[in-house]
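Engineer: Listed below are the residues making up each chain.
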Amino acid sequence: MGRMSITGPLASGAAMLGRESFVPKRRDRVFFEVAPPLLLVSALLAAAVLPLSPGLIVADLATGALFVNAALAYVMVALLMAGWAPNGAYAMVGGFRFLGQLVAYSMLIVMPITAVAMRAESLVTTEVVESQAALPNAIYQPIGFVLFLLAGMAVCFLPPFDLPTAPGELAGGVEAEYTGWRLAVFRLARLVLVVTVAAAVSVFYLGGWLGPVFPPWAWSAAKTLAVAALMLLAGRYVPRLRETHVLEWGWKVGIPLALLNIFVVGVMILVVG
Amino acid sequence: MTTLMAALVVGAILFGIGLYGALSQTNLVMIMMGVELMLGAAMVNLVAFWRFLHPEIYAGQMFVLIVMTVMALEMAVGFAIATGRFRAKGSVEMEEAGDLRG
Amino acid sequence: MSASEIFQPFFVGIFGLAAIWFGVVVFRTSSMVRSALALLFSMTAIGAMFLAMEAEFLGVLQIMMMATEMAIMAIFMVMYMMDPGGMEGMDMTHQKYASIFAGILATLGILAVVFLVEWGPVAEAAHPEEQTRMLGIEIMERSMLIFETAGVTILTAMIAATAIAIERRKS
Chain L
1 MGRMSITGPL ASGAAMLGRE SFVPKRRDRV FFEVAPPLLL VSALLAAAVL PLSPGLIVAD
61 LATGALFVNA ALAYVMVALL MAGWAPNGAY AMVGGFRFLG QLVAYSMLIV MPITAVAMRA
121 ESLVTTEVVE SQAALPNAIY QPIGFVLFLL AGMAVCFLPP FDLPTAPGEL AGGVEAEYTG
181 WRLAVFRLAR LVLVVTVAAA VSVFYLGGWL GPVFPPWAWS AAKTLAVAAL MLLAGRYVPR
241 LRETHVLEWG WKVGIPLALL NIFVVGVMIL VVG
Chain S
274 MTTLMAALVV GAILFGIGLY GALSQTNLVM IMMGVELMLG AAMVNLVAFW RFLHPEIYAG
334 QMFVLIVMTV MALEMAVGFA IATGRFRAKG SVEMEEAGDL RG
Chain V
376 MSASEIFQPF FVGIFGLAAI WFGVVVFRTS SMVRSALALL FSMTAIGAMF LAMEAEFLGV
436 LQIMMMATEM AIMAIFMVMY MMDPGGMEGM DMTHQKYASI FAGILATLGI LAVVFLVEWG
496 PVAEAAHPEE QTRMLGIEIM ERSMLIFETA GVTILTAMIA ATAIAIERRK S
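Chains as they are written, first to last, in the working numbering: chain L, 1 to 273; chain S, 274 to 375; chain V, 376 to 546.
These are calculated hints, taken from the structure and not from any lab test.
What you are looking at is a predicted structure, and each value in this text was computed from that prediction instead of being measured.
For every residue, glycine included, the Cβ atom is placed at its ideal position computed from N, Cα and C.
Keep in mind that a hint or two might mislead.
A short, non-exhaustive set of chain V residues, derived as facing chain S with CB atoms under 7 Å [unchecked claim]: (1) G388; (2) F425; (3) M428; (4) A430; (5) T482; (6) V497; (7) A536.
Under 10 Å between C-beta atoms, here's a sample of chain L residues computed to sit facing chain V [unchecked claim]: (8) L61; (9) N69; (10) Y74.
To be clear about the criterion: a stretch of chain V counts as covered by chain L if any three or more of its residues have a C-beta under 8 Å from a C-beta of chain L, and this derived list gives those stretches [stated by the list, open to error]: (11) 401 to 415; (12) 438 to 444.
So that you can see chain L by itself, here it is in the shape it has in the complex (with noise of 0.2 Å):
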């Protein structure tokens, strides 16, 4: 125990395919099946609208900025079905703390979205990577950056917001029937989902493929593997938050920041640009 392998997360993701399949007796057979793929797909569509380098986008979406959000909205349909399929008690009150999450979150993933918009004048993700060719947004519109990327956190529902999949408190909570391949399906489309949403921090405030003497795509790379790396570490250090709590700071504290960063990023335009 203890030693970091690099076929750790292979061989257990493997052992996981290997493993008997339980299926609760009286669970909605629909929304069981069908609410791990719709994670993964949810994150998937979202990936699409992200460019890796000035070419290489899936699909160029004259909305794009705008799309990630819309994509990112299906993570709460699948995690509701998942609540709500097995029929569980512990999933399903796993389903609804994320409900509590998303109406704290959902609002500090667009604003900040919006700010950023602002600055590149178009929802086009390129033009959004191009807009920070100058300055990138995390250090031109900080408060932005940071709510942003805690309103990720939640989206994925990393530690400290994750509550629906809670492995102390419920009991693995959303997640806790399934069994074999089907887990395996849903852990998949939850690291998807963490990668793209670190992969849209980077692309809306790090400047996605800017930087001197490497190519686009490394750059791209680095920079989303570094913000990933930092929302599965940064909460291993924080004690695990009742959507109560998010909920409050959420509306009362994140909120009024976010429409002040709105203002602010404004007058900047306005004033220097």
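Dock chains S and V against the given chain L, drawing on the hints supplied.
Structural biologist: Same frame as chain L, but now just chains S and V:
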């Protein structure tokens, strides 16, 4: 032209389904779902008219934005009323809500 | 026929059929959560129709808003419905035949208008980026008053909803 017709037909059918739902259901939440379907059908028609007949007039899209806002607001106030009613009476069945007391 | 002339009716039709099918499921299923999520997917299909009709901003907005709204509706259904799982098979409708009649009458009336009116020529739409910009200009210039009124209305509705739903203090 075929696309316009297709969209309008879809709007018509959705509206009919929504109307059936709004009239036949007894529970407030289900009635609201019927109303949401009707508003959705109206939006489909609005977007079809905008796109195929007057794509240069953006007041059409503005109208759709307002309808979306109305959908959200009507849900919010409707659920607030449902919450109040549930606290007072223990259910939100509209059959029992015939008199003005309570 | 160009590619878009073949694809556009196809996609609008497919998403339209999906919206209709999910709409029917809303009222046919006895499980409440399935009902709410069927409505969610019906609304998503409507959003996809907007995307197929080249109204990109509206489509993305519809998809985004409806996911959150309908998920919240699902929660409320579980709170307020007597049989959220639909396991007991109650029939929760009244005046069923009158409603079916009204629904079919409305649909036929609208279809009559659709097929009997001469709609005129079909015009070209602008590129999606242009559209978002033009919509913004429309909001900020001509429709500014409408938007401000909508903003105040939203605020009023928020305050009203909170006021109605808040518990009376025992004082």
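Engineer: Each hint should be assessed against the structure and marked as holding or not.
Structural biologist: How the hints compare with the structure:
{"no.": "1", "hint": "G388", "result": "5 Å, holds"}
{"no.": "2", "hint": "F425", "result": "5 Å, holds"}
{"no.": "3", "hint": "M428", "result": "5 Å, holds"}
{"no.": "4", "hint": "A430", "result": "5 Å, holds"}
{"no.": "5", "hint": "T482", "result": "3 Å, holds"}
{"no.": "6", "hint": "V497", "result": "5 Å, holds"}
{"no.": "7", "hint": "A536", "result": "4 Å, holds"}
{"no.": "8", "hint": "L61", "result": "7 Å, holds"}
{"no.": "9", "hint": "N69", "result": "6 Å, holds"}
{"no.": "10", "hint": "Y74", "result": "5 Å, holds"}
{"no.": "11", "hint": "401 to 415", "result": "holds (count 5)"}
{"no.": "12", "hint": "438 to 444", "result": "holds (count 4)"}
Comparing the model with each numbered hint stated earlier shows that all of them hold.
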